[in-house]
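Number of protein chains: 4
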Amino acid sequence: MCLAPVAAGAEERKRAREIGIEIGVIAPGPLNAITDVEGVLVGHETIVEGDGVHTGVTVVLPRKDVWDRLVPASAFVLNGNGQLTGMPWIEESELLGFPIVLTNSASVGQVYDAVIEYLFRRDPARRAGLQAVVAECWDGTLNDIRRRAIRPEHVFRAIDGASGGAVAEGAVGAGVGMVSYGFKGGIGTSSRRMLPENGGYTVGALVLTNHGSREQLVVDGVPVGRAIRDLLPEIHEDSGGGGNSIIMVIATDAPLTARALQRLARRATLGLARTGSTAHASSGDIAVAFSTAHAFDRRGGAILEIRTLDPRELDPLFDAAAEATEEAIVNSLTMAETTTGFRGNRVHGIPLDRLLEALK
Amino acid sequence: MCLAPVAAGAEERKRAREIGIEIGVIAPGPLNAITDVEGVLVGHETIVEGDGVHTGVTVVLPRKDVWDRLVPASAFVLNGNGQLTGMPWIEESELLGFPIVLTNSASVGQVYDAVIEYLFRRDPARRAGLQAVVAECWDGTLNDIRRRAIRPEHVFRAIDGASGGAVAEGAVGAGVGMVSYGFKGGIGTSSRRMLPENGGYTVGALVLTNHGSREQLVVDGVPVGRAIRDLLPEIHEDSGGGGNSIIMVIATDAPLTARALQRLARRATLGLARTGSTAHASSGDIAVAFSTAHAFDRRGGAILEIRTLDPRELDPLFDAAAEATEEAIVNSLTMAETTTGFRGNRVHGIPLDRLLEALK
Amino acid sequence: MCLAPVAAGAEERKRAREIGIEIGVIAPGPLNAITDVEGVLVGHETIVEGDGVHTGVTVVLPRKDVWDRLVPASAFVLNGNGQLTGMPWIEESELLGFPIVLTNSASVGQVYDAVIEYLFRRDPARRAGLQAVVAECWDGTLNDIRRRAIRPEHVFRAIDGASGGAVAEGAVGAGVGMVSYGFKGGIGTSSRRMLPENGGYTVGALVLTNHGSREQLVVDGVPVGRAIRDLLPEIHEDSGGGGNSIIMVIATDAPLTARALQRLARRATLGLARTGSTAHASSGDIAVAFSTAHAFDRRGGAILEIRTLDPRELDPLFDAAAEATEEAIVNSLTMAETTTGFRGNRVHGIPLDRLLEALK
Amino acid sequence: MCLAPVAAGAEERKRAREIGIEIGVIAPGPLNAITDVEGVLVGHETIVEGDGVHTGVTVVLPRKDVWDRLVPASAFVLNGNGQLTGMPWIEESELLGFPIVLTNSASVGQVYDAVIEYLFRRDPARRAGLQAVVAECWDGTLNDIRRRAIRPEHVFRAIDGASGGAVAEGAVGAGVGMVSYGFKGGIGTSSRRMLPENGGYTVGALVLTNHGSREQLVVDGVPVGRAIRDLLPEIHEDSGGGGNSIIMVIATDAPLTARALQRLARRATLGLARTGSTAHASSGDIAVAFSTAHAFDRRGGAILEIRTLDPRELDPLFDAAAEATEEAIVNSLTMAETTTGFRGNRVHGIPLDRLLEALK
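Protein chains in written order, with the numbering used here: chain A, 1 to 360; chain B, 361 to 720; chain C, 721 to 1080; chain D, 1081 to 1440.
Next up, chain A with everything else stripped away, as it sits in the complex:
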């Protein structure tokens, strides 16, 4: 790891690599984002209203037409104090036919309903296949979660606005109100590109971080959380909290069965472990992995033709999933700025200068 000089403005936010933190040994893709997996789209809708509402929606679409062209997918629950709707059908069919929508814990119903509304508007003939995929973290420290502020239009805009290219990180979309390791968390992303001899595939991760306690935080192997003991969340009034969670989305263009994708989802949690988490009891630590290498028509067909990687030959992908997840988590911290929200509660962005100091 090479520590680049950085101007120490407390609120300058940069990605980990921009300040010299290089996680792992595999090279990232050009954007170092889940969108390096071709066809994957990400959309954010950030909702900040007055002092109290700091929440939002983030969507990941495996492909623009995922509603009609399903992709192989699987999910892994490391610790289940979280919601991932739609999971039984993903596991049974080995397919994902919905955007993965991330939001706050109290708005799962609103968001679910908005996804169905969107689907019905999009396809006037659609009457079946209605199992929306919504995951959540609890943002009640910074967000007046009881207001359930998410409207259908928020969800529609997140989906319609989803795009490839660079992904906004930190306090954005579903990440606006999230807290991770006692610092401001939120959205982070990263990617890894295999060497040509390993197939040249790309693995991308996008995380919504809201987990962990300060003393646990590890960055690139260094127990940074023990070095920066101040700047804890300033809770002006008890928020009745709360739970904390991390949702990890893994995308790849490698041709994989759903079962192999389950294995990738599990490796995401190994990347999580390297940032210090032990998946606390009140945490919903859930990973979803999908492959864009094949798509299957919603209407089904008698025979599917699949090319898949040998289940015994997946190590480079495993390494990539762990590394990309670890770096995505760090990015969610280094990119999230200090936020004051509900009841004046204040959560600090990790100070980059002190982070680099601790890493020396």
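Hint data in this document are derived by calculation from the structure and do not stem from the laboratory. Keep in mind the model is a prediction, meaning the values are calculated, not measured. Treat the hints loosely; a few may be bogus.
Claimed, not checked - Partner residues aside, some chain A positions facing chain C, computed with beta carbon under 7 Å:
{"id": "1", "residue": "E94"}
{"id": "2", "residue": "A258"}
{"id": "3", "residue": "R298"}
{"id": "4", "residue": "G300"}
{"id": "5", "residue": "L304"}
{"id": "6", "residue": "E305"}
{"id": "7", "residue": "I306"}
{"id": "8", "residue": "R312"}
{"id": "9", "residue": "D315"}
All C-beta atoms, glycine included, are put in the ideal place defined by N, C-alpha and C.
Take the given structure of chain A and dock chains B, C and D to it, following the hints.
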């Protein structure tokens, strides 16, 4: 579109035991219903509006204060083309802290949000622990499912009106629009009471039936579906269907761990098998089991004191869970009346005279 | 069901169809055996020594060269009081690279070691990939199980002698000492052949039955066990029992992913349910399913080319798996003859005349 | 971390803490070993014969009389290229009634049979409950694995010699021939003792390490494997390998349900992740956790009285399980000495001086 007149002789509805069909060998409880398990409450809200809307909500509460006093629970997915929100947290915590709410596939989001709204109204301080438990079947043959007709008040009324005592069955609550084995299905319930030497415990089942094809139907071992080949659903216009499913709720007052309750949930599917189902690919066949023998405060406590049945001594409960589920399914058929709904589609109640004829 | 006339010699053993019992609606393959799936081999080694030893080994090979050419596979544990070695690797790799070997509970180690010995003799270069697949039932009522009478040669002969064609049933191979529903059980098999419009695939089942209590027994929907209450096992001295189990092996030539095979394995347990079982707590009720449509080289390869059935189009296979399992269980009973074994314990074969009488 | 001075003899072996490597923040128990959990016994049998045979057996007994007094237990498979016999019954009954026996991949059958033999000798009346618990790693680089050198007496001695107190680590017992991160691995152990306010419970870990590639190795957050690129295994002749794995045994005296123990087993894999592993495809990464707080009679009983920790209050135990596993893995490396075995293959013990240098 108008509702065709129906001859009322054909439509006399009775429970299986009332017409002499006795499933299994264990005696039912006094109500032969899930509410034989003391403290369990059931509420229905039936929603029929004009020609198109035939849907509803059914709730099962393990106890009135389940929001604050959680009970051991577990779920089993036989085939996952269905939704059961809240499942990861049930599995992880071994506890259920929400009513189990059954509804139609397109209204999961609406119902989920209404449960959260209800919770917030009920408890002004509540800000966390927000993982509602909603399961669904697809009622789009008889219900204009795209209308998403369920309002928060429907859910509130179902919860507030939930009670012990006899349980309405057939085309009621979430069961209004359901179709099972090509006959009108919906809600069914049954119970079994152990002998004193087996502990005297009660096991109750409540099902929402929307599964199976006609030729599969077996009643008390007899392939009735092959005997009654007419009276198939009259589909006047393709409903773009659809999927079919069964949700099975198992309650008991026996003291059991969550893992042992998982085993009861699995036995529910053996009862299902005896009615002819092979859990078709488009079916969401999901069982949830809970015990009322203990309740745990939502806020937690360092040590829980549990008395539990030995995991090796559960056979009478297994038998009871299978029998009660089988009989509940039959009750859902014999109690559901012929219904004409969306687009004039018409689904016949199983004719009791011909059923008895076939059973002779 | 058409009841054919049968000569009433108590010990005449016939297959269910030979005496007019026709389970289900799908036609069997030409042998009505698991070996109707082309390439599948079955071998038995029956070990009867003196009064006490009544045990054996039964092997199912997906293909002769399964050691080097692996096939997609999956397993499902309905109730886990049983052993299935090798399961983690099957589930992880989605592949089976060993014969499935059935035996008695005390000889799992012996048989496991013999399989490794066989493998080493067969392939002098082989040093890795050593996870033998052994399943068991407890035959201690008829077999002096403490003697652990199985020698390597027994296993070698079962493997070397494995063949296609008709399969011996009843008190043969691993089934010699087994007891099912209080009658003599053991090995049974059956198959189903899909219609051409459903792909023309074959599904075969082979079971080792040692499960259930008499009063539970149901044959073709009729509670036969309640009709034949005598002829219970004559236990001259307490055998310190015991446990009871059923191992179900499902084979198909349909191209399926491991996950889809898991679904077939689950349907086997629905067939089991129809014979009356509720999977008692002391029972190891385990199903393994494999497909012969593809084989993958043990050494691996970067890309596997797979044609697979759409995961949403499997209903005919599900029906077939349930039916074939149900019929295989019945065959295991109707083919097993009255056996006197360890300590003079005596277990009766189900009397075919009384069975047919009960079915009328 | 404080780096204590150490004499740099290449083959001086010390535990991590002896050379100043302190993993995590929770204090170890007095022995820093799994045997800090009262009643837990560990036994080793090391088998070195001539040049070729370098293998052995290690047993962990939750209690001396575990054969008759079962303890709550659960297992978690992170990656399944490994064997853990007995797993279905552990999961179903929530109980463990056998020693956990670790050995090499080719000797699982031998060891399994020896455990049954031991049980039969120990209890002349025992005829049922015969599901031995055997796990394995592949030691074929240093061991002539085809010889299957383990005799029943080896297993008997390991069990009979099992004791509390300090635990031998490194190239001992089942660890004699194991290789981890390209260094000599084997047996390692560690423990953590909760603060009184967290209940004062102890969590212990014992690992058999045979996993990982050199470049992955991380010690206390530092990518040591990238710093020490030489001293790779010297393979004089291709060993036809082989697979690599890690078995993790977690013990605690905290009163826990089996489901809660499953959560501890999962946290062991988070500790594994921190040593650099991504659970490669050919690895059998399996964790088993048990509690000594309760014991249940083998014969069963209608009601079990359990005191258990609230499933929502387990964080200190989770942290402890992760930390103890991580440290146990490091101990397995720092305690294992350079070994020359089969075909002259040579695997180096990690040089402690260079390790400390890298950690500076």
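Going through the hints against the structure:
| no. | hint | result |
| --- | --- | --- |
| 1 | E94 | holds (5 Å) |
| 2 | A258 | holds (6 Å) |
| 3 | R298 | violated (9 Å) |
| 4 | G300 | holds (5 Å) |
| 5 | L304 | holds (5 Å) |
| 6 | E305 | holds (6 Å) |
| 7 | I306 | holds (4 Å) |
| 8 | R312 | holds (5 Å) |
| 9 | D315 | violated (11 Å) |
Checked against the numbered hints above, the structure violates hints 3 and 9; every other hint is satisfied.
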